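K.L.:
Construct the entire structure; sequences and hints are all you get.
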Amino acid sequence: MSGDSVFRVAAPFSIRSADLWSPSLPALYVLQVTVLAGDAPVDDLYTSFGLRQVRVDSTAPRILLNGNPIVFNGVALHEEAQLPVKQGEPAGGPLTSAADIASILRRAVDVHADLVRVDHHPANQMLPVLTDRLGIAVWEEIPLYHFTPQTFSIAMDRGIPQQMLAEMDLRDFNRPSVLFHGFANESTGESERMAAVDTLHALDRRIDGTRLTGQAASATDPADPTSAHLDVAGYTMYYGVLYGGRLSGAAIQSALMQAHRTYPRKPVMVLEYGHWADDARDEAQQVRVFNAYYAQLSSEFDTQPDGFVGAALWWSLDDYWTQRPGITVERFGLYRPDGSLRPAGDAVGRTFALVAPSAPPPAVRSQGVAVAITPSERHMRLLPYIAYGFALPAAVLVVAIFGLSRIRRRPAW
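Sequential numbering of the sequence shown, starting at 8, is according to the numbering used here.
Note that these hints are calculated values from the structure, not bench results.
In this text the structure is predicted, and so the values were computed from the model without any measurement.
In this text, a Cβ means the ideal position worked out from N, Cα and C, and glycines have one as well.
Any given hint could be a false lead.
Pair by pair, the computed Cβ-Cβ distance ranges are [to be verified]:
1. Phe180 x Asn73: 16 to 24 Å
2. Val40 x Gln132: 25 to 33 Å
3. Thr195 x Val378: 50 to 58 Å
4. Asp205 x His153: 18 to 26 Å
5. Thr195 x Val13: 36 to 44 Å
6. Gln374 x Pro48: 25 to 33 Å
7. Ala360 x Asp11: 52 to 60 Å
8. Pro312 x Gly375: 30 to 38 Å
9. His236 x Thr195: 12 to 20 Å
P.N.:
As structure tokens, this is what we get:
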């Protein structure tokens, strides 16, 4: 083959008695591909992967991971450098090394979060590699945030969201920790947004099909109909924080129930709730906001009888600069830039610890035996189905003939 050629090689195999990936047992396997020139190896490629199934039980409704009901307590994070701290503010700029990304994920682990949402863009490619190993699930999305009907129309006509989604899907195809694909964040419009997310959902199914799809709609309208064809109903929720009015458990509960009535067969995922912490008074309010929201959310978790909330994510893990660096810092973090926990971080850690999955066991080898499937074996597996396909109609025909033969003819008059 020439150096610039591309072709696909099919080498099917099965793993017998395999371990399935989950936050409490992040089982991984390594695939080795060896390129031969004649009989001599000239190159090797290694990639890790995991085996798991995530789906929605619409009768509950609830999220199932490997057939088991699950609820996620998570945090949103920005891939933004925190150190060195400058006058109490994060350093800013992207995280570019595996060590820096691991340090941010370690903060999520320390507050017992088992799901992270990475801002509003595909994560650095090293992040899902690390979450695979740490047992942290990921909501990953493309940057369609604060879109309007006009920007939806322009972007979709140009194929930009479709291209970004295809690249994200293909890059992270083997990353079992990526359980959710998000298509929009706090965007407006109804028909244009619904058309866009429906198109992206269909594309995601064609390319991948192993992740649940959703968006982060604003809970200012819990009856927003644009998630109708997505797998989960996702919302950002800021009652008593950004929407005006006092902090009220009743308002939070009312919004949750309205979302559930709108989507009675979908898990509701609250992808943002939180409060800023600019000073000591705000830090105290941060704790009150967490307590008020978590009391309402946890009472409706989908692991409870009649529950329907599949996830609740605090915004956010760390402080971060606004979209245009150098303007101001948004201090929504559970952590201060120097790595110390705010009071809300302590409250979140203690609360999440009560329901967090068991910590992954250290240094456990994944079980299972990989066995190649030869073409003859593949054909042999079809034989029972082929035989069944012929035998069942034949049996029905024999029974019908026998039954007809037993029917006594009416005598002729």
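K.L.:
Each of the hints needs a verdict: does it hold here or not?
P.N.:
Evaluation of the provided hints:
no., hint, result
1, Phe180 x Asn73: 16 to 24 Å, "holds (19 Å)"
2, Val40 x Gln132: 25 to 33 Å, "violated (19 Å)"
3, Thr195 x Val378: 50 to 58 Å, "holds (52 Å)"
4, Asp205 x His153: 18 to 26 Å, "holds (20 Å)"
5, Thr195 x Val13: 36 to 44 Å, "holds (41 Å)"
6, Gln374 x Pro48: 25 to 33 Å, "holds (28 Å)"
7, Ala360 x Asp11: 52 to 60 Å, "holds (54 Å)"
8, Pro312 x Gly375: 30 to 38 Å, "holds (35 Å)"
9, His236 x Thr195: 12 to 20 Å, "holds (19 Å)"
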